[in-house]
Amino acid sequence: MSINSNEQRRSPLYPRRIFFGTGDSGNILALLILWFTLIGASAINNSLFLSKTTFNAVVFNMCILGVLAIGQALIVLSGGILDLSLAVPLILTGCLSVIFYDRGWSTLPLLIFSVLISGIVGLINAFFIVVLKINPLIVTLGTGFAGGGLLLILFDRAMVNPESWIANFGISYSLGVPSAWWPMVLFTIFMHILIKYSRPGRRVVAVGGNPVAAKVSGISLKRYRFATFFFASIIAGVAGVIFAAFTPEIRPSSGTLYTLPMIAAVVLAGFSLAGGSGNFLALFISVGFLSTVPTALVFFGLESLWEPFFQGVILIVAVSLDALRTKKTVTKG
Amino acid sequence: MTATLAPQQLSKKRTKNAGGPSVTILAGIVIISLVSLQGVGFAAFSTDNLFLILNYLALPLLIGMFASFSLLAGVVDLSIGSMVGLSAAVFAVLATYELNLWLCAFLAVLTCLFFGCLNGIAIVGFNANPIAVTLGMLVALRGLARVVNKYDNSATLSSTDGTVIFIDGLNTFTEASFSFLPWLFVIALAFTLVLQLIISKTRYGRHIKAVGGDLTAAVRAGLPASRIKFTSLLISSGGAGIAGVLFVGKMGSSSSTLGTGMEFTVYAALMIGGYSILRGGVGNPIGGFLGLFVIAYFSNYIDNMGFDTRFADVFLGTLLLVIVYLDIRRGGEEFE
Amino acid sequence: MQKKSKSWSVIALLSVVALVLPTTQSIAAPKGKFKLCVALGGIAGILGTLGTEGDPVAKAGAKKRGWAYYEVNNKLDAQTAVKNADLLVRQKCSAVIMFNGRPEVNPTIAKKLAKAKIPVITYDIGQPGWYFLGIDNLAAGEAGGEALGKLVKEKWNCQPDLVLQSQASGAGIVDAMRTGGMITGMKKICPDIPASKIKIFEGNGEIAVAQPAARDILAANPTAKKIAVVGINDAGVVGPALAARQLGSDYDVLAWGQDGNLIAGDNVNPDLKGSVLYFLEGYSAYAFEVLDQIAKGTPPKMQDKATNPAVLVKPCPVSAAQAKNIPIDKVRVANLAKNPSKTLYALYCPK
Amino acid sequence: MASPNTSIDSNENLPSSLSRVPVMEAINVSKSFGAVNALIEASTSLYSGEVKAIVGDNGAGKSTFLKILSGLIQPDTGEMRFEGNPVKFEAPIQALNLGIQTVYQDLALIDTMTATQNVFVGREKLSPNPLLRAFRIVDDKEMTANAMGVLSELGIKIPSLKETVRKMSGGQRQCLAIARAMLFGHKLIILDEPTAALGVHESAQVLTVINKVREKGLAVVLVSHNMQHVFEISDSVLVMRLGKSIATKRTEDSSTQEIVGLITGAIAP
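Chains as they are written, first to last, in this note's numbering: chain A, 10 to 342; chain B, 35 to 370; chain C, 6 to 356; chain D, 55 to 323.
Just so you know, these hints were derived from the structure itself, not from any lab. All values derive from a computational prediction rather than experimental measurement. One or more hints might be untrue.
Covered stretches of chain A, going by a simulated chain C footprint (3 or more residues, C-beta under 8 angstroms) [what the hints assert, rightly or not]: (1) 157 to 171; (2) 222 to 234.
Straight-line Cα separation of at most 30 angstroms, DSS-like style, residue types lysine-lysine; simulated pairs [what the hints assert, rightly or not]: (3) D/Lys298 with B/Lys184; (4) C/Lys117 with C/Lys160; (5) B/Lys184 with C/Lys155; (6) C/Lys202 with A/Lys61; (7) D/Lys298 with B/Lys235; (8) C/Lys310 with B/Lys184; (9) D/Lys221 with A/Lys142; (10) C/Lys116 with C/Lys64; (11) C/Lys231 with C/Lys40; (12) D/Lys142 with B/Lys235; (13) C/Lys192 with B/Lys184; (14) D/Lys216 with B/Lys235; (15) B/Lys184 with C/Lys116; (16) C/Lys202 with B/Lys184; (17) D/Lys195 with D/Lys142; (18) C/Lys301 with C/Lys97; (19) B/Lys184 with C/Lys204; (20) C/Lys319 with C/Lys204; (21) D/Lys211 with B/Lys235; (22) C/Lys193 with C/Lys231; (23) C/Lys230 with A/Lys61.
Derived DEER-like restraints, expressed as beta-carbon distance ranges [claimed, not checked]: (24) D/Gly113 with A/Ser207: 50 to 56 angstroms; (25) C/Lys319 with A/Val326: 32 to 38 angstroms; (26) B/Cys151 with D/Gln148: 52 to 58 angstroms; (27) A/Ile162 with C/Lys319: 49 to 55 angstroms; (28) B/Ser213 with A/Ile162: 34 to 40 angstroms; (29) C/Gln164 with A/Val194: 20 to 26 angstroms; (30) B/Leu141 with C/Gly37: 49 to 55 angstroms; (31) C/Gln164 with A/Ala50: 30 to 36 angstroms; (32) D/Glu133 with B/Cys151: 54 to 60 angstroms.
No residue lacks a Cβ here, since even glycine has one placed at the ideal position from N, Cα and C.
Turn these sequences into a full structure, and let the hints guide you.
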C-alpha cells in the first residue's frame, strides 16, 4: 500500500482508474454507453446510419488505428509511458512488404520477415531505454524523428500492385466483415487473455504498476522493457501490412497521422499513463467509438474539417468526467 | 514500510549537476561550432548567420519559456502548438474584418486563455491527467484553427487554408533588429533572464517548483497548489497566444500548419535543457534557453550546408538522444 | 550558490562567444559568381519529386553554366518557407526558383526577396513580381474535367450518382483552381450535374487521408453507386476510388487525377482512368530560359500571372491506356538529361 | 539544559502540580467516514516539554486522530482546545499558524529542492531590501543561516544545505523534516511513524533529535509501532483500540507487556 501511494506521489501522472474505480466492467459499460449514445443520436438524425455500409465504413476506420492502439496500449500498460515512434515500424513494414512482394516472395516469409524487421525499431528503443537509461518519451521522440527521416530516404516510392494479395486483402471480406478487421479482433482477444490470465502478462502489469516492487520481487525490468517495445513494434508492423493493403502509394509522412488518435484511443480506454492499469476490451470499444465519430459527423452534415475538433473535445470530456468521478469516490472513501 | 527508501535504491546514481545539463549543452554547442567551422567556414559565425539563428529562435524561446511554467508545476501543456495556430487564426481572421488590431490581438490571446482555463478546470478542478487533457486540447484546437481560418474575409486567396493578412506595423516590429540581434530575440532573452530570476529567487518560483516537485509535500506545507497549477496553465496558454499573434506579424498570414508539431520540438529542446515533461520541479530557464539554442544552431548548420533536408530529421533525432545520454553520463536523471 | 554561479558563468561564456565570434563575413558564394537557389516544395507526392529529393535538372543546369547552386526545402510548411526566404537572402542568391505550396506566406517572402533585389521564378503559384513558370492550374483542371466528363457521358449518360471532390485546401489557390477547374471542365461536357451531387471533402492529396473521408461520405449516401472522383492530385482520387472498392463490388468508379504521379509506371490503380501530367520534375529545364537572361543582366519583362506567364507549361491529359508508355518521374528526368534540347512535354506527352 | 525527566510532573489524570494548561486538548472527538467509525470519543491532552506516544493496532484510529490534531481533517463531534481556548481548524494552515507542525510518515520533503528550500517551503523569507522585497525576492542567505542554526541546535548533520534532498539518507531526511517542524512549530510537533523505514543507527539519530525538541520545551506527539522506541523516548503513552482512546499510561510506570496487552485487548483498560 505505502509503496503504491509513494509511487503515485512521485509521478505527476497520477494513476487513475477510469470509471467506477476498480472494475474494468464499469469502465467498459461507460464506454459502451458513450458509443451507443453516439450511434443512437446518429440513427435518430438519419435512419440510414444503421446500415451495413455504415457498419463497414466504421469497421474499416478501425482496422489500422485499432492495431496500432493495441501496440501503444502495451507500452502504456508496461510503464513505458508512450511510444511516439510507432509510425516508423508501421511504414517500414508497409514498404518492406511491398518490396518483398515485388521480389516474388511468398506470403508467409514476406509477412514474417517484414514484420520482424520492424521489431528492430522496438529493440533500438529498448536499447536506449534499458542500457543508456534514457526516458522512453525522449527516446521514442528521437527515434521517431530519426526514423521518419530515414524512411523518407530509404523509400521514396512504394507502390502496391493492385493485383497483389496485399491490395486484395484491403478490400476483401471474411465472415461478412472486412478481412482487415480480424487482426485487430484477434490481437484484442490475444492481449486480453495474455494480460489477464498469463504469467508474462501479469508481470507486464506488475512492471508497469510498480517497477520497484516488480524488480524487488525478481522480475527483470530490462527483459520486460525489451519485450514490450519489441512486441509493440511488431504489432505496429502488422498494422503496416494493413496500411499497405489500404494505401497503394505508401508515403512515409503518412505514418504520423495515427500518432495522436492512437494515444487518444488508449487514454479514452482508461489506460493509466503511469502504467499498470488498462483493459484491452475497453480499448476495442474506445477505438470503435473514435472510429464512429468521423462517420457520424458526415451524417450530421458537418465537414470532415470538424472531425479533429470533436475528437479532441470528446477526449477531454471523457477524461475529465472520469477523473471527477474517481475524485469523488476517493474523497468519500 | 521499506517503501520510502525504495525509489532511491532504484536510481543509484544521483544527480551531480543540480544546475541542469548546462555543461553538456555547452559541450554540444562547442562541438557543433567546430563542425560548422569545418563545413561552413568562418561564415558560420558571421553576424548574418547569427541573425538567422536568433531570428528563428525568438518565438519558440518565448513559447518555451511561458510553457516552462506548466512544466515546472508538473502539468505539461501539450496544447501550446495548437494554441499558437489558433491564436494566429483568430487574430488574422478578425483582422480581415478590419477591427482594431490591438483588439484583435487581445481577443486572440483571450481565446487561448479561455482554452487554457478549460485545461485548468479539467486538470486542476477535475484532477484529470494533464497529458491526456492537453493532448485532447491539441487535437481539438488544431481542428478549430482550421475551421476558424475558413472564416477569413480576405478576397485575395479564396481557398487558402490560412488567412492572409499582411500587417505592416506588426511585421516591422517582428522583423526589427539591432545589428545582428533581432529585437524579438532580445525581448525573449530578457524574458528568459527575468524568468530565471523568478524561478530561482522569488517566493512564487519556489512555490511553483515545490508544487511540481512534490504535490503532496507542497500541499502539506500550506501552498495553494491548485491555484499555482491553474495559473501556470494560464501562463503557458497566454504565451502561446501572444506568440501566435507575433507569428502573424512575421509571416503575414496565419496558416493551418502553423504550430503543428511545435509542442514536440519545443519540449524536446526543453528536455535537452533539463526540464522534464513527466515530472515538475526540475529545470531552469537558462538551461531551457540553451536547449533551444543548441537545436536552432544545429538546424542552422544543416540549412547552411544545403543538406538534403531528409537528413535533418535523422540528425536532430540523433542529437536529442546523444545530448540526453551525455547528460545522464554526467549524472542527469536516469529512467528506472 | 553553486547552481547560480554555474548558470551565470554560462551566460557570461555565451555573451563572450556572441561578442567575439561574429564577424561581418557573409555566408554567400564568392563575389561575381552567379548563384542559383532553389526552394523545394516539400512533401513528396503532393508536389511531385520536387518535394523532397532535390531538383537534379536545376542542379545539372547550374553546374553546366558554372553557377553556384544552393537548395533549401519549404517542407510544405509556411513557417519553414519564411525562414528559408531569410536564408536565401543571407546566402546572397542571384536568382531564386520558388516552389511554395503555402501561398499564404508568399507576400511576406516576396517582400524579403524584393528588398534584397533577388529575382524569383515561381512554379505554378502566381505572386506579383515573380516570374510565373508552370501550368495554368485552372486550364489543367478544366482539361482533366473535360476528359472525365467524356467518360461520364459515355458510360453513365452524364448521370453519376455522386461526384467526389477531393480537396487539399492546404495547397491554397492551386487546389481551388485544379479541383474547381475539374468540376468546371466536367460540367462543360455534362452541364446538368446538380450541385447536390457534388461532395467536397478534405483529402489532403494523400491516400491515407482521402480514403477514410470518402468512405464516410459513401456510407452517408448508400444508394449512390456510380461515383466520379476529381481531386488535386492522383493520390487524392485514388483514395476515394479504393474506399468505394472496400465498401462493395457493386460500386462503379471513374476517377481522374492531376499531376500524373500514380498514372505512370507499374501498379496503376484500375479505377484511375486518367490524369493530367505537368512534368513538374522538368520545370527547371524551362526555367533556364529566364535564368540565362537574368544572368546576362537583361532580365525579361515581368510576367507574373498564369494568364500572362513567363513560361507556360502545357497540361497533358493522359488516359490510363496512354500512360502505359510513360515511365515514372525519375526515369523521365534521366531521359531529359540525355536529350537536353527537348522538354519532357515533347518527349512524353502523347500526341 | 534541564534533564528531560524533571519536567515530567504532570499527568493526564491528576491536575498538574504546576497547574499547567495543556498546549492542545482533544475532548471526546469522533470521526466517521461513511459507515466506518474511525474515531469514537477519543480524548487526550498534550503538554509542552512532553513526548506523548500514541500506540494501537492497525485501524485503531491513530492516523485519524493525528490528522485531526494537525487540522488536516475536522472531527464530526467533540471539542478541540488550544492552550485552553476552543479551536476549530478549517484548514491545516490554521494549525500551522498556531505553531502546530506535523511531520508525515512519507516525510513531505520535495526531492527536487535543496535542504534549505525544503525547510522554508511555503514560508520563504523575503529579502530585507524593500525594493527586492516588493518583487518577492527571497533571502537565501538568511534562510540558510536560520536552517543551519536550527540544525546545529538539534545536532543534526547534513552534508550540504545546498544539495537537493534526494541524495540524503532516510534518517537525514527525517531529521530535516523534524528540524523544519521545530523551526516553525513553536508549540506542538506531531510525528507520524518517525522511525519507520529507518535502520538502528538512523533511528537513534532521530530519537536524539526528538529528545532535543522536548528539551526546547515543545509538546511532541508521535505515533509508533516500535515499542522499544516508544519506551525510549516518550513520557506518556496513549493506547487506542477500535477507534477509542482506551488508556493513558505514564511510560515510567508502565511496561511493554502492559501496553501490548492493552493494544491487543488482552488487558482491559
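To see whether the hints hold, each was checked on the structure:
Coverage of a stretch by a chain is defined here by at least three residues with a beta carbon nearer than 8 angstroms to that chain's beta carbons; for the region 157 to 171 of chain A and chain C the count is 7, and the condition holds. With 0 residues having a beta carbon nearer than 8 angstroms to a beta carbon of chain C, the region 222 to 234 of chain A misses the requirement of three or more and the stated coverage is violated. Restraint check: the Cα-Cα separation between D/Lys298 and B/Lys184 comes to about 69 angstroms, which exceeds 30 angstroms; the hinted pair is violated. Taken as a hint, the C/Lys117 and C/Lys160 pair is broken in the structure, with Cα atoms around 52 angstroms apart against an allowance of 30 angstroms.
Of the pairs offered as hints, the one joining B/Lys184 and C/Lys155 is violated, with about 33 angstroms between alpha carbons and a cut-off of 30 angstroms exceeded. Under the criterion of a C-alpha separation no larger than 30 angstroms, the hint pairing C/Lys202 with A/Lys61 is consistent with the structure, at around 22 angstroms. Simply put, D/Lys298 and B/Lys235 have alpha-carbon atoms about 48 angstroms apart, too far for the 30 angstroms limit, and the pair is violated. About 25 angstroms separates the Cα atoms of C/Lys310 and B/Lys184, which keeps this hinted pair within 30 angstroms; it holds.
For the proposed pair D/Lys221 and A/Lys142, the alpha carbon gap of about 19 angstroms is at most 30 angstroms, so the pair holds. As the CA atoms of C/Lys116 and C/Lys64 are separated by approximately 26 angstroms, the hinted pair is consistent with the 30 angstroms bound. Taking the CA atoms of C/Lys231 and C/Lys40, the gap is near 53 angstroms; set against the 30 angstroms cutoff, the hint is violated. Taking the CA atoms of D/Lys142 and B/Lys235, the gap is about 36 angstroms. The hint is violated against a cut of 30 angstroms.
Simply put, C/Lys192 and B/Lys184 have alpha-carbon atoms about 26 angstroms apart, close enough for the 30 angstroms limit, and the pair holds. Our distance criterion of 30 angstroms between C-alpha atoms is met by D/Lys216 and B/Lys235, whose separation comes to about 14 angstroms. Taking the CA atoms of B/Lys184 and C/Lys116, the gap is about 25 angstroms. The hint holds against a cut of 30 angstroms. Of the pairs offered as hints, the one joining C/Lys202 and B/Lys184 holds, with about 22 angstroms between alpha carbons and a cut-off of 30 angstroms not exceeded.
At roughly 37 angstroms between alpha-carbon atoms, D/Lys195 and D/Lys142 are farther apart than 30 angstroms, so this suggested pair is violated. About 17 angstroms separates the Cα atoms of C/Lys301 and C/Lys97, which keeps this hinted pair within 30 angstroms; it holds. For the proposed pair B/Lys184 and C/Lys204, the alpha carbon gap of about 17 angstroms is at most 30 angstroms, so the pair holds. With a C-alpha separation of about 29 angstroms, the suggested pair C/Lys319 and C/Lys204 falls inside the 30 angstroms cut-off, and the hint holds.
Of the supplied pair hints, the one linking D/Lys211 and B/Lys235 holds, its CA atoms being roughly 26 angstroms apart against a limit of 30 angstroms. Restraint check: the Cα-Cα separation between C/Lys193 and C/Lys231 comes to about 19 angstroms, which is no more than 30 angstroms; the hinted pair holds. At most 30 angstroms may separate the alpha-carbon atoms for a hinted pair to count; C/Lys230 and A/Lys61 meet this at roughly 15 angstroms. Taking 50 to 56 angstroms as the suggested C-beta distance range, the pair D/Gly113 and A/Ser207 does not conform, at roughly 36 angstroms.
Range check, C/Lys319 to A/Val326: about 54 angstroms between beta-carbon atoms, so the 32 to 38 angstroms window is missed. Separation of B/Cys151 from D/Gln148 is about 30 angstroms and departs from the stated range, judged on CB atoms against 52 to 58 angstroms. One distance hint, 49 to 55 angstroms for the beta-carbon pair A/Ile162 and C/Lys319, is violated here, with the actual separation near 33 angstroms. For the hinted restraint 34 to 40 angstroms between B/Ser213 and A/Ile162, the CB-CB distance of approximately 39 angstroms keeps it satisfied.
About 40 angstroms separates the C-beta atoms of C/Gln164 and A/Val194, a value inconsistent with the hinted range of 20 to 26 angstroms. Between B/Leu141 and C/Gly37 the C-beta distance comes to about 52 angstroms, which sits within the given range of 49 to 55 angstroms. With their beta carbons about 34 angstroms apart, C/Gln164 and A/Ala50 fall inside the hinted range of 30 to 36 angstroms. Take D/Glu133 and B/Cys151: their Cβ atoms lie about 42 angstroms apart, and the range 54 to 60 angstroms is violated.
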